[in-house]
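A.B. asks: Given next are the chains, with one letter for each unit.
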Amino acid sequence: MTATEAGALAPAPTQRKRPIGLLLVAVPVLLVLWLIIWPIISAMIQTIWLPTPEGGRSLSVSSYEFFINDPYSRANLSITLWTTAVCAVLLLVVCLPIALYLRFSDSKLAAYVQGLAIFPMFVPSIILSFAFIRVLGPNGTVDLLLNSVGLPKIKSPYLTPWGPVIGLVWDNIPLTVLILLSGLGNVSNQAIEAARDVGAGRFALLWHIILPRVSNSILVAISFAVLGIFSAFTLPYILGPAAPEMMGPFMQRTFRDLFDPTNAITQAVITFGFCILFGLFYVRSVAKNRTP
Amino acid sequence: MSVLTIKDVTKLFPGGTKAVDSFSLEVADGELVCLLGPSGSGKSTLLRMVGGFETPSAGLIAIDGEDITRMPPEKRPTGMVFQSHALWTHMDVFKNLAFGLKLRRLPATEIKRKVEAVLELVGLGGYGSRRVTQLSGGQQQRVALARSLVLEPKILLLDEPFASLDQHLRERLREEVRDIQQRVGITTLFVTHGQDEALSMADRIVVMRDGGTEQIDRPDVVYRNPQTPFVAGFIGTMNLLEGTVANGIFTRASFSHPLAVADGPATLAIRPEALDVTPAEPGAAKVHRVTDYGTHGLLDLDLPDDTRLKAMVSHPAQYRHGMGVNLTPRAVSAYRNNAQIFRSEA
Ligand SMILES: Nc1ncnc2c1ncn2[C@@H]1O[C@H](COP(=O)(O)OP(=O)(O)OP(=O)(O)O)[C@@H](O)[C@H]1O
Ligand SMILES: [Mg+2]
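Quick note, the sequences are listed as chains H and X, same order.
Just so you know, the first sequence maps onto residues 1 to 292 in this note's numbering.
Just so you know, the second sequence maps onto residues 1001 to 1346 in this note's numbering.
Simulated from the structure, these hints should not be mistaken for laboratory data.
These numbers were taken from a predicted model, which means no experiment stands behind them.
It is possible that part of the hints are untrue.
[Stated by the list, open to error] Below, a list of computed lysine-lysine pairs in the DSSO-like style, where the Cα atoms sit at most 30 Å apart:
id: 1; chain 1: X; residue 1: Lys1102; chain 2: X; residue 2: Lys1114
id: 2; chain 1: X; residue 1: Lys1102; chain 2: X; residue 2: Lys1112
id: 3; chain 1: X; residue 1: Lys1102; chain 2: X; residue 2: Lys1018
id: 4; chain 1: X; residue 1: Lys1112; chain 2: H; residue 2: Lys288
id: 5; chain 1: H; residue 1: Lys288; chain 2: X; residue 2: Lys1095
id: 6; chain 1: X; residue 1: Lys1102; chain 2: H; residue 2: Lys288
id: 7; chain 1: H; residue 1: Lys108; chain 2: X; residue 2: Lys1112
id: 8; chain 1: X; residue 1: Lys1018; chain 2: X; residue 2: Lys1007
id: 9; chain 1: X; residue 1: Lys1114; chain 2: X; residue 2: Lys1095
id: 10; chain 1: X; residue 1: Lys1018; chain 2: X; residue 2: Lys1095
id: 11; chain 1: X; residue 1: Lys1018; chain 2: H; residue 2: Lys108
Chain H extracted, bound-state conformation (with noise of 0.2 Å):
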C-alpha cells in the first residue's frame, strides 16, 4: 500500500536526472556492501575454509558438525528459539489489547496509558536488568512487600529462562505498540459504526473487521520483535541462566572467553540463518497481503 502510493507520488524520472539518481543510490548499497554483505560472506568463508593440521587450508564443514552434534550448542539454539517464540506470543497478548485501547478509548486516562507503553524505549536495557533485579531478583522489593505481610518469598525469575523473556518483553513493548497502533489507523471510524449498525458485536467487530485489517501490521511487529529477540545480547546475558544460554551471550563467550573464533563465527553463521529464514517469512507474507 505505502509502496505503491509513493510509487505513484514520485515524478517520473527523467533520462537527464538518471546518473544523479543513480549516484545517490550507490551510496547506501555500496556501504550496506562493504558493512553487511561482506562481513556475512567472508563470515561463511571463514567458517568452511579452515585450516588443516598441515598448515594450509582445505574446504570442510566440520564447525557445523560440531555444532550440530554437541549438545550444549543444541540447548542454547532451543533456549533461544523458546525464548523468541514466547516472547512474540506474550507481546502479542499484551499489546494488542493495549494498542485497541488506545485507539479506542477517549478517556483522558488513554494519554497516561500511552506514556506508560512508550516509556521502556527510552530505558536502556542495562538500567532494565537492574531494575528486573532490584524489583524481582532473591530479596527485592517484591519479597519484601511479600515477606511484610507474613507471605513466602516468591521463586524468582532471576537467572532462569523466565528473565530474558520478562525483561525482552517490556524492551520490546513500545515498538510493539506503535506498529500495532499505526495499522489501527487504517481503520475508520465509519467502518467501525458501519459494522455495528449491521448488528456486529464486540467479537465479531475484532475478528471480522479490525484484525484483518491489521493483520499486516501484527506480522510487521512480531518480525520486528523476533529478529531483535532472536540475537538479543544484554538482558539474556544479565538476566538469564549461566547454562543453557541463549545465541548472543553465548557466543560472546565463545570468542572472548574460550577464544574460539571459528566456532563464534559459525554461531553467528547459523544465527543469522534463522533471522534470514524469519525475514523471509515476513516478505513473503507481506507481498501475499499486498497482493489480493
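Here the structure of chain H is known, so what remains is to put chain X with the ligands in place on it, guided by the hints.
C.D. replies: Using the frame of chain H, we list chain X with the ligands on its own:
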C-alpha cells in the same frame, strides 16, 4: 411498516455543546424526511442518536412504539449509510453485503439470493466479486446503500451520503435513491445541508438550527411559506430586508411597500422571482450587475444604503449597470421576533 418517533430528544456533549435541543419528530411509514440545516446544526448528532451511535441526554426514541433509546446499534432495526470511508476494504462487494446476513446465521443460498437481488436493485448486478477499492465513488455509495437495505431495516438513515461526489453524480444518485426508497417503501431519515437535495427528494423537510426545529413542512410549503426569517433565508434565494413599519407602510431606505401590520421593526422577505422591476429615473434602486442565464436574467440591485437585492427578469438585455428601477413585490412575507406576521400570495 414502521413509524419513527423522536420525542423531546436533547444531546449535551461533554464540554457543554448542546448539539440537539428538545427535538421532536414523527416520521410516518414509508416517508422520507430530510433534516436540513447549516453546518453544526445537529443533524448528524440527531441521526446518530437514532442509529444508536450517540446516547440522548434526555428524551425518547421509538420505532413502532418500541422504546429503543438505550439500545446499542447492533441490536437496532436501523440501517445507516455514512458519508464515506465506511466500506470494509478487505472484503469484496459480495462479502460487504453478506456480512450482516452471516451474523444473522442465514443459510448460504439465502444470503446469495438476497445479495444478488439487492445488487440488482442498486444497479450493480454482477459486481459481487469486485473489490470495493476498484469501484468509483458513486458505486461505493451504492454498495453502502445496498449493505443497509439487504438487512431490510425498519428505518433507513443516510448522513450526507453524496457529499463527497460531484454535482452530476449527486443529482443522478439522489433520483435513484428516491426511486429505490419509494419502491421498497422504507421509512427514511436523510441528512443534508444541500437545499436542492432536500427540496427534490423529501416528503417533508425539517429545517434545523442550533439543535432545534425551525420548520417542519412539505418542500413546496417550506419554499413558499417559510415560517421564520432563518428558513426564508436558508431555502432558495431570498431577499431579506430589515426595516420599519409605520402607518401600514414598510420602509427601508428608498424602498417602501404597504404592509398591514402593527407599527414597529420588521423583516420583509421577497423571492427574486416575485420582485417586479420597471425602469425609472432616478428610481428606488440602481442596477449593479446583470447576469443572463439564457432562459432568464438575474439583476443585482442596490438601494441607496448599499442594501443588495436580487430580482429575476425575463428580458435581461434591456438593463444596464447604473440604470434606475422601481420595485414592486408581487408576494411578500414579513417577520417580527422570529415569527411570521404577514404573508401575501402571488
Ligand atoms: N463527539 C462530539 N463531541 C463534542 N461535540 C460534538 C461532537 N459531535 C458533534 N459535536 C458538536 O455538536 C454540534 C452539532 O454537530 P453535528 O455534527 O450534529 O452537526 P451537523 O449539523 O451534522 O453539521 P455538518 O453539516 O457540518 O455535518 C456541533 O457544534 C459540534 O461541534
Ligand atoms: Mg453532519
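A.B. asks: Run every hint past the structure and note whether it holds.
C.D. replies: Results of checking the hints against the structure:
1. Lys1102(X) - Lys1114(X): Status holds; Cα separation ~12 Å.
2. Lys1102(X) - Lys1112(X): holds (11 Å)
3. Lys1102(X) - Lys1018(X): violated (39 Å)
4. Lys1112(X) - Lys288(H): holds (28 Å)
5. Lys288(H) - Lys1095(X): With a Cα-Cα distance of about 20 Å, the restraint between lysine 288(H) and lysine 1095(X) holds, given a limit of 30 Å.
6. Lys1102(X) - Lys288(H): holds (26 Å)
7. Lys108(H) - Lys1112(X): Roughly 45 Å separates the two Cα atoms, so the pair is violated.
8. Lys1018(X) - Lys1007(X): Status holds; Cα separation ~16 Å.
9. Lys1114(X) - Lys1095(X): holds (12 Å)
10. Lys1018(X) - Lys1095(X): Roughly 39 Å separates the two Cα atoms, so the pair is violated.
11. Lys1018(X) - Lys108(H): Given that 30 Å is the threshold and the Cα spacing comes to 22 Å, the pair holds.
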